Amino acid sequence: MDRAEQTGLGVAVVAHAMLFAALSLNLLKPPELPKYDAEPIEVSLVDPVALESTAPQPSPAPAPATASTETAPTTSPEELAPAPLPTIAQSKPAPKPVAKLAPTKPTPNGPQPRRKPGLSRDILVGIGDSPAKATPTTSSANSNAESVLVKRSLSQEIGRQLKPKWKSPTGADVDRLVTVLSWDLAKDGSLIGEPRFVDQTGVTPSNGPQAKLHRENAVKAVRAAAPLTLPSEYYGYWKSVVSFRFDKRLSQ
Amino acid sequence: MQALAFNTDAATLSPIALFLQADIIVKIVMVGLLLASIWTWTIIVGQWLKLRNVGSETRQFERDFKAADDPHAFQQAHKGSSVPSARVMQAGLSEWRSSTVGRRTIDREGTRARLASAMGASVAAEIDRLSDRLNVLATIGSVAPFVGLFGTVWGIMRSFTAIAAEQNSSLAVVAPGIAEALFATALGLFAAIPAVIAYNRFGHVLNRLEAQLNRFADGFHATLSRELELDQ
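Residue numbers (the working numbering), protein chains in the order written: chain B, 1 to 252; chain E, 1 to 232.
Each statement offered as a hint is correct.
Some, not all, of what chain B presents toward chain E, calculated at C-beta under 10 Å: (1) Asp2; (2) Val13; (3) Ser24.
Keep in mind that the hints were calculated from the coordinates and are not lab data.
These numbers were taken from a predicted model, which means no experiment stands behind them.
Note that the Cβ used here is the ideal one computed from N, Cα and C, for glycine as well.
Given these sequences and hints, build the entire structure.
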């Protein structure tokens, strides 16, 4: 090794030492992320379902209101004939009161020959949608719809409370795994017994190793989230949570 | 926010941390590659200084040689010089002297051939002496990436085994092992890239120097053979 190479060795060792010192001391670290003044807020994504959506109940309110106003003109027999003509030309809410009136009013007052042309129309309209049939179906549908909506809202709420505790395992095709659990809740929202495993779907050879972990994590999430805070007036609905699905969507 | 801060910490490039986390085999590979890199730069810097001196000295010597009146006096002045063209001249002159001095009949053709081979051998010896370290650069340039790749493959195999043992394939478990394994390839490339560039560069410089020495030897050979004819 001659003099030039000794110089080279010195230069090389010093340069390497400097480079590694620079890397170790983070002198070459990437630019830092910008810091925000405002504290980050937690955002949870919930489907736009709320109790307000129980409001639209199409028929019952408008029907009696228009009926009461219509009773005034029908008292005079002369106006009885012209009255149905515009109602046919008009949109739906108008025919209903006429149909309702048809069985009650015409029989006691109003001469028969005069009413004949109007009567046939009234009958036709009455067949179209009879209020007698419509009201019971809507009322039962309402109670059904309400319970469905309460269940959905409760399910959303349970999902919202489980979400932070639910950690899906990662790996190939884990998105497809769905674990279904059932569990019972006491009135204060605490867990009664253990969550019961109901079903698991979407197991493929590639995500097989994760399936067990998926299931364990689901049980863990339920235990960690208890006691759940749910409205006590609906305890009947959430007494036992049946077939709650743990899937990719819940973890998003 | 805490997770974010942790991530930026983990993303920094600390070779010491990466080295300390690595497997023993990967550590050996990394140390070897680091030494290879230091050796490469030693050769690059040393060779660069040497060739720069040799280039300027050779040009200076040839300028002086053309300006000199008496080749023998000039030779005396440059006896023991380490400049390649001076050594070529020494070889030519000593061969000329041993072929001519003290002889009654001079075999001109034989002397010319001996002069040519003596100076050619001298040129080849000078180039060999200068290109001594280039084979090291060539070896490091071609082998270091493979050595680094070996370290990486070994490290990735090891981290996959760790993943299988933990039964958890989340990125947080996989990433550090892969990063430290890839560091071996990075070191291999870090050593190999300068070595390859320097090898090509020095090869080019030495080729030029060899051509220059050959031209000088040819010119000196022409001068000596002319003198052989004059001696008659």
